[in-house]
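Going down the list, the sequences are from chains A and B. In terms of our numbering, the first sequence has 90 at position 90, counting the first letter as 1, and numbering is strictly consecutive. In terms of our numbering, the second sequence has 98 at position 98, counting the first letter as 1, and numbering is strictly consecutive.
What the hints contain is simulated information worked out from the structure, not anything from laboratory work. Just so it is clear, CB atoms sit at the ideal spot from N, CA and C, and this is done for glycine as well. Treat the hints with caution; some may be incorrect.
[Said to hold, decoys possible] Derived DEER-like restraints, expressed as beta-carbon distance ranges:
#1 B:Gly15 to A:Ser83: 24 to 30 Å
#2 A:Leu68 to B:Gln80: 29 to 35 Å
#3 B:Asp26 to A:Gln29: 44 to 50 Å
[Stated by the list, open to error] Here are the simulated lysine-lysine pairs, DSS-like style, with alpha carbons at most 25 Å apart:
#4 A:Lys64 to B:Lys36
#5 A:Lys41 to B:Lys36
#6 B:Lys102 to A:Lys66
#7 A:Lys55 to B:Lys102
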Amino acid sequence: GAVVSQHPSWVICKSGTSVKIECRSLDFQATTMFWYRQFPKQSLMLMATSNEGSKATYEQGVEKDKFLINHASLTLSTLTVTSAHPEDSSFYICSAREPPIAAGGLQYFGPGTRLTVT
Amino acid sequence: GEDVEQSLFLSVREGDSSVINCTYTDSSSTYLYWYKQEPGAGLQLLTYIFSNMDMKQDQRLTVLLNKKDKHLSLRIADTQTGDSAIYFCAERVLMTTDSWGKFQFGAGTQVVVTP
Chain A
1 GAVVSQHPSW
11 VICKSGTSVK
21 IECRSLDFQA
31 TTMFWYRQFP
41 KQSLMLMATS
51 NEGSKATYEQ
61 GVEKDKFLIN
71 HASLTLSTLT
81 VTSAHPEDSS
91 FYICSAREPP
101 IAAGGLQYFG
111 PGTRLTVT
Chain B
1 GEDVEQSLFL
11 SVREGDSSVI
21 NCTYTDSSST
31 YLYWYKQEPG
41 AGLQLLTYIF
51 SNMDMKQDQR
61 LTVLLNKKDK
71 HLSLRIADTQ
81 TGDSAIYFCA
91 ERVLMTTDSW
101 GKFQFGAGTQ
111 VVVTP
């Protein structure tokens, strides 16, 4: 299957600072990428849908000024957690969608980024 | 309530078959998926089934879909210790704002394989 990478895999930052997480589709062009958040022993919660070259669409309850998403190219989307607080500590997973003409447009997930805010 | 429901835990002995069940509510689902998540890792796509199919088999994995009852199951034959993980059921739901649709995930079933 297709490969989606995330960087970093693990980050610790101090409260009040910002941290950027990168998501890349390595062997396909992804016009749409998704950002999810996962709390321990829970399912994935969709935060936002990112379309290349346009503004991200945020799910209800997700602060767009706190979670900045940029999808500048067909292979890269970034999530920046601004002014991070301990409650932002979580596992963040990105996902990229293959173009619909290929394999029914499957959605592949990155390995996740563990964010710990101290 | 949850749009996609799964039992939270399954214990199975090595070599036996595992069956993980999932129910969903949205009749506009087009594709249904099974993902595997190992500790500290992202989601790995295991298999998927189109909503007009009843069954799909892929090596040790068999997916059964009962569209009338909105019930999806994943059977793992000859379960191995490496199959211990959390398994997520997901449906792709059509949206008016997005022709491709949006994923709805279940809470995940933790499968523990004992020797």
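Okay, the hints, checked on the actual structure:
no.	hint	result
1	B:Gly15 to A:Ser83: 24 to 30 Å	52 Å, violated
2	A:Leu68 to B:Gln80: 29 to 35 Å	42 Å, violated
3	B:Asp26 to A:Gln29: 44 to 50 Å	29 Å, violated
4	A:Lys64 to B:Lys36	30 Å, violated
5	A:Lys41 to B:Lys36	14 Å, holds
6	B:Lys102 to A:Lys66	23 Å, holds
7	A:Lys55 to B:Lys102	17 Å, holds
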